[in-house]
Amino acid sequence: MQPARLAQLALACLLALCLAAGCAKKNTAPETPATQAAAPAKTAAPAPAAAPAPVPTPGGLENVPPSDAAGGKTFFTDEELASEYVADEDGTEKPVAPPVGDPIESFNRAMFAVNDKLYIYVLDPVADFWQTVIWSNLRVGTRNFFYNLRFPQRFVNNLLQGKLLGAGQETGRFLLNTLFGFGGLLEPSQKFGEDLNPPPEDLGQTFASWGIGDGFYIVWPVLGPSTARDTVGSVGDGFLDPVYYVNPWYAAAGIKAGEKINTGSFYVGEYERLKAQAVDPYEAFKDAYTQNRASQIAR
Amino acid sequence: MQRSITIPVMALFLALVLALPAVGAAVPSPLESMKGNVQKVMDVLKDPALKAADKRDERRKTLRGLADRIFDWVELSKRTLARSWNDLSVDQKREFVTLYADLLEKTYSDRIESYSGQEVAFTKETMLSDDKAEVKTLVKSTDKTIPIDYRLTLGKDGWLVYDVQVEGISLVQNYRKQFSEILASNPPDKMIEILRDKVKRGEVEAWAPDSAK
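For the protein sequence lines, the chains are A and B, in the order given.
Everything in the first sequence is counted per this note's numbering, starting at 1 for the first residue and increasing by one.
Everything in the second sequence is counted per this note's numbering, starting at 1 for the first residue and increasing by one.
Please keep in mind that the hints were generated in silico from the structure rather than gathered at the bench.
If you're wondering where the values come from, they're calculated on a predicted model, not measured in any experiment.
Be careful, since some hints might not be right.
[Claimed, not checked] Result set (BS3-like, lysine-lysine): computed pairs, CA atoms no more than 30 Å apart in a straight line: (1) Lys260/A / Lys144/B; (2) Lys46/B / Lys275/A; (3) Lys191/A / Lys140/B; (4) Lys275/A / Lys61/B; (5) Lys117/A / Lys190/B; (6) Lys275/A / Lys51/B; (7) Lys144/B / Lys256/A; (8) Lys117/A / Lys200/B; (9) Lys198/B / Lys117/A; (10) Lys163/A / Lys144/B; (11) Lys191/A / Lys136/B; (12) Lys191/A / Lys46/B; (13) Lys136/B / Lys275/A; (14) Lys260/A / Lys140/B; (15) Lys275/A / Lys200/B; (16) Lys55/B / Lys275/A; (17) Lys198/B / Lys275/A; (18) Lys140/B / Lys163/A; (19) Lys275/A / Lys190/B; (20) Lys200/B / Lys61/B; (21) Lys124/B / Lys163/A; (22) Lys144/B / Lys117/A.
[What the hints assert, rightly or not] On the chain B side, residues computed to face chain A include the following (Cβ under 7 Å): (23) Ala82; (24) Trp85; (25) Thr107; (26) Leu128; (27) Ser129; (28) Lys144; (29) Glu167; (30) Lys177; (31) Glu181; (32) Lys198.
All C-beta atoms in this analysis are idealised placements derived from N, C-alpha and C, irrespective of residue type, glycine included.
When you get a sec, could you build the whole thing from the sequences and use the hints?
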């Protein structure tokens, strides 16, 4: 029985790799017309030559006139100001994500205030500490490992959405990173770009693809913004997270907490920066969540 | 006599020759413009003369000068306020655009200063219409990759940015929600006042906890 299973696994692995390779071929041709890293000094030369007249040359910083000491008016005219806004004039406006209802706003705002303190005084400092004391490669490895571990979630949700290609890509990614990336600590799949790194699917997105709406907006303590639909989705996805089956429960909880801190270590100070740029932070985070989810669902 | 004619003729010829490349050169593509913009910002960030801590203000000023040439602040503001834009007087619009540009420029500087050393990959250019385009980029640092898409509009000064999307979140739409929330129960002057206070309060200073109002 053992050898039979091994053979089965090998076959599945081969199949997945072939599938992935097939997608790789299909996708690379039309998809990468302009992929190019910004070569530091090289692009500088042609760009300014062709640039419009008022743009200063990159090297000549002294050419940049002192900016708006006089109120920045030099950069726009009254004529421009007088022009009217016409909704989606030329059909290029990004379709606005449907607004999510917020019937429990007072609860949400209270939770938002709690999380605000929690992030600023607990999570962020701990994540910051983690970032300073833990070797960067280890943090990245930990993140990769947990992402790889949750392969079942993404695989199943790809299938539930009828995305066979995505399911195949996920499988190829999982096998490659598990077998050749020390159990998922490394991501050899990165070399294959989008072909082996499909957008992560979750149950909330699956529900959305079935036509189920957001329900309403809800801010959870610690976990942050969500919606009724996405909360149910997260609970469902939880059953496909191997960490859920770790015994005893407090070990699982500890692993989860550790992972959350590790994730936070890549975004130290980000929450405060986002909040600082907002005019109304509560609305800003609510909208950011809605827009971000809409873009994930669309992919 | 002969001389008096030659000089203007030569001057004309010279002017033509000088003007020729400007006329002949096509406007750079949106992607090329964006590449140039990013390069200029990176040059400022890498400039050793501006790296010292006491040069911070000077660097900020330089970045602001660049930002004014990268962004179309009026188009950005107009799309942010949407229909409410038409309710503002020209004076109110002028103040709003100036303050909004200040706020965004500050945010943008904070961000790029903390992200220096990353690599930007320009992945795709899409024409949305004759004078609107989208340029997709990936900002890669050692430990993460963030997708940032720019929306550009073609004006007399070339391609200028009127929206930025980070991880699928449009800056214009995000602020539209915030301002419309304020305008739902306040006149435009009050909104401008809130924005003015916000800009005056400065950088990443802790925001007053009146969120639970």
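Consistency of the hints with the structure:
1. Lys260/A / Lys144/B: holds (16 Å)
2. Lys46/B / Lys275/A: Distance of about 27 Å is within 30 Å: holds.
3. Lys191/A / Lys140/B: Roughly 14 Å separates the two Cα atoms, so the pair holds.
4. Lys275/A / Lys61/B: Judged against 30 Å, a Cα distance of about 23 Å means the pair holds.
5. Lys117/A / Lys190/B: holds (28 Å)
6. Lys275/A / Lys51/B: holds (27 Å)
7. Lys144/B / Lys256/A: holds (21 Å)
8. Lys117/A / Lys200/B: OK: lysine 117/A and lysine 200/B at ~24 Å, within 30 Å.
9. Lys198/B / Lys117/A: Cα-Cα ~20 Å, so holds.
10. Lys163/A / Lys144/B: holds (26 Å)
11. Lys191/A / Lys136/B: holds (20 Å)
12. Lys191/A / Lys46/B: holds (29 Å)
13. Lys136/B / Lys275/A: holds (25 Å)
14. Lys260/A / Lys140/B: Holds, at roughly 22 Å.
15. Lys275/A / Lys200/B: holds (16 Å)
16. Lys55/B / Lys275/A: OK: lysine 55/B and lysine 275/A at ~26 Å, within 30 Å.
17. Lys198/B / Lys275/A: holds (12 Å)
18. Lys140/B / Lys163/A: holds (28 Å)
19. Lys275/A / Lys190/B: Judged against 30 Å, a Cα distance of about 21 Å means the pair holds.
20. Lys200/B / Lys61/B: With a Cα-Cα distance of about 17 Å, the restraint between lysine 200/B and lysine 61/B holds, given a limit of 30 Å.
21. Lys124/B / Lys163/A: Distance of about 24 Å is within 30 Å: holds.
22. Lys144/B / Lys117/A: With Cα atoms ~26 Å apart, lysine 144/B and lysine 117/A stay inside 30 Å; holds.
23. Ala82: holds (6 Å)
24. Trp85: Holds, about 4 Å.
25. Thr107: Because about 4 Å separates threonine 107/B from the closest Cβ in chain A, which is inside the 7 Å limit, the hint holds.
26. Leu128: At 4 Å from the nearest chain A Cβ, leucine 128/B passes the 7 Å test, so the hint holds.
27. Ser129: holds (5 Å)
28. Lys144: Cβ of lysine 144/B sits 6 Å from chain A, so the hint holds.
29. Glu167: holds (6 Å)
30. Lys177: holds (4 Å)
31. Glu181: holds (5 Å)
32. Lys198: holds (6 Å)
In this structure, every one of the numbered hints holds.
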